[in-house]
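Could you build all of it, start to finish, from the sequences and the hints given here?
These protein sequence lines are chains A and B, in that order. Numbered per numbering that gives the first Met the number 0, the first sequence spans residues 0 to 95. Numbered per numbering that gives the first Met the number 0, the second sequence spans residues 0 to 95.
Take these hints with a grain of salt, some might be off.
[Said to hold, decoys possible] To give an idea of the chain B side of the interface with chain A (calculated C-beta under 10 Å), a few residues:
1. Val5
2. Leu6
3. Phe9
4. Ala10
5. Met21
6. Gln24
7. Asp42
8. Asn43
9. Ser48
10. Glu50
11. Ala54
12. Val81
13. Lys85
14. Ala89
15. Leu91
Since the hints were derived computationally from the structure, they do not count as laboratory data. Since we're looking at a predicted model, the values are computed, not measured. Quick reminder that beta carbons are idealized off the backbone N, C-alpha and C, glycines included.
Protein chains: 2
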Amino acid sequence: MFHHLVLVGFARPLSAADRGFMVGQCERLRRDIPGLLEMQFVDNASPRSPEFTHAFVTTFVDEASHDRYQEAPGHERLRRKVSTLKQHLAVLDYHA
Amino acid sequence: MFHHLVLVGFARPLSAADRGFMVGQCERLRRDIPGLLEMQFVDNASPRSPEFTHAFVTTFVDEASHDRYQEAPGHERLRRKVSTLKQHLAVLDYHA
Numbered sequence: 000m001f002h003h004l005v006l007v008g009f010a011r012p013l014s015a016a017d018r019g020f021m022v023g024q025c026e027r028l029r030r031d032i033p034g035l036l037e038m039q040f041v042d043n044a045s046p047r048s049p050e051f052t053h054a055f056v057t058t059f060v061d062e063a064s065h066d067r068y069q070e071a072p073g074h075e076r077l078r079r080k081v082s083t084l085k086q087h088l089a090v091l092d093y094h095a
Numbered sequence: 000m001f002h003h004l005v006l007v008g009f010a011r012p013l014s015a016a017d018r019g020f021m022v023g024q025c026e027r028l029r030r031d032i033p034g035l036l037e038m039q040f041v042d043n044a045s046p047r048s049p050e051f052t053h054a055f056v057t058t059f060v061d062e063a064s065h066d067r068y069q070e071a072p073g074h075e076r077l078r079r080k081v082s083t084l085k086q087h088l089a090v091l092d093y094h095a
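Below is the structure:
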């Protein structure tokens, strides 16, 4: 399996509408993208990295599924929304 | 379950001995700490965050198990080794 995590720090607290958009896009992408097994938008509960307030946690059957996801229109809509709101971003990809 | 991920960036490529220490401590801690279900030391395959070269990925049955792990001598030995080698560090904790 291929794990893809995006840690995000938002400049301001998320509005209910923006949070709803993130959660909804995760559900839609998980339904629509073949090989996307899990996709969650989570709050970072750690006080050790306040610059990262949230994360997208995704699991794919393989790296090829992840590469297709990166090209999907639904992912592009999510990416654009995140990029308008974010202050910090870090990516962790690993096989396991 | 409680997920605890530590993204780490090492200043220099890890020596074989240091990598062996990280992997060995993960195996030992997983064996010794009650409630620690998974612990892996992984390479970050993403080219998007070169500042984070590796990560420790851990899964606990609950947050209390994670809190006990933070106090364990084996974790303290790992923490000291990482702190002598690291340049960057970020923590993501979440319930799922």
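Return the status of the interface hint for Ala10/B: holds when the least beta-carbon distance to chain A is below 10 Å, violated otherwise. Violated - the Cβ of Ala10/B stays beyond 10 Å from chain A, reaching only about 17 Å at its closest.
Classify the hint on Val81/B as holds or violated, based on whether any CB of chain A lies nearer than 10 Å to its CB. Interface hint status for Val81/B: violated (13 Å vs cutoff 10 Å).
Given Leu6/B as an interface hint, is its Cβ closer than 10 Å to any Cβ of chain A? At 6 Å from the nearest chain A Cβ, Leu6/B passes the 10 Å test, so the hint holds.
Holds or violated: Ser48/B as interface residue toward chain A, Cβ cutoff 10 Å? holds, 5 Å
Using 10 Å as the Cβ threshold, decide whether Val5/B counts as touching chain A. holds, 9 Å
Hint Ala54/B vs chain A: min CB-CB distance below 10 Å? holds, 5 Å
Hint validation: Phe9/B versus chain A, beta carbon distance must be below 10 Å. Holds or violated? Because about 14 Å separates Phe9/B from the closest Cβ in chain A, which is outside the 10 Å limit, the hint is violated.
Would the hint on Glu50/B be counted as holding, given a Cβ-Cβ threshold of 10 Å to chain A? Cβ of Glu50/B sits 8 Å from chain A, so the hint holds.
Restraint: Ala89/B near chain A, CB-CB cut 10 Å. Satisfied or not? holds, 5 Å
Hold the hint about Met21/B up to the distance rule: shortest CB distance to chain A must be less than 10 Å. violated, 14 Å
Would you settle whether the hint for Gln24/B is holds or violated, based on the nearest Cβ-Cβ distance to chain A being less than 10 Å? Cβ of Gln24/B sits 17 Å from chain A, so the hint is violated.
Return the status of the interface hint for Leu91/B: holds when the least beta-carbon distance to chain A is below 10 Å, violated otherwise. holds, 5 Å
The structure fails hints 3, 4, 5, 6, 12 and 13 (numbered hints given earlier, in ascending order).
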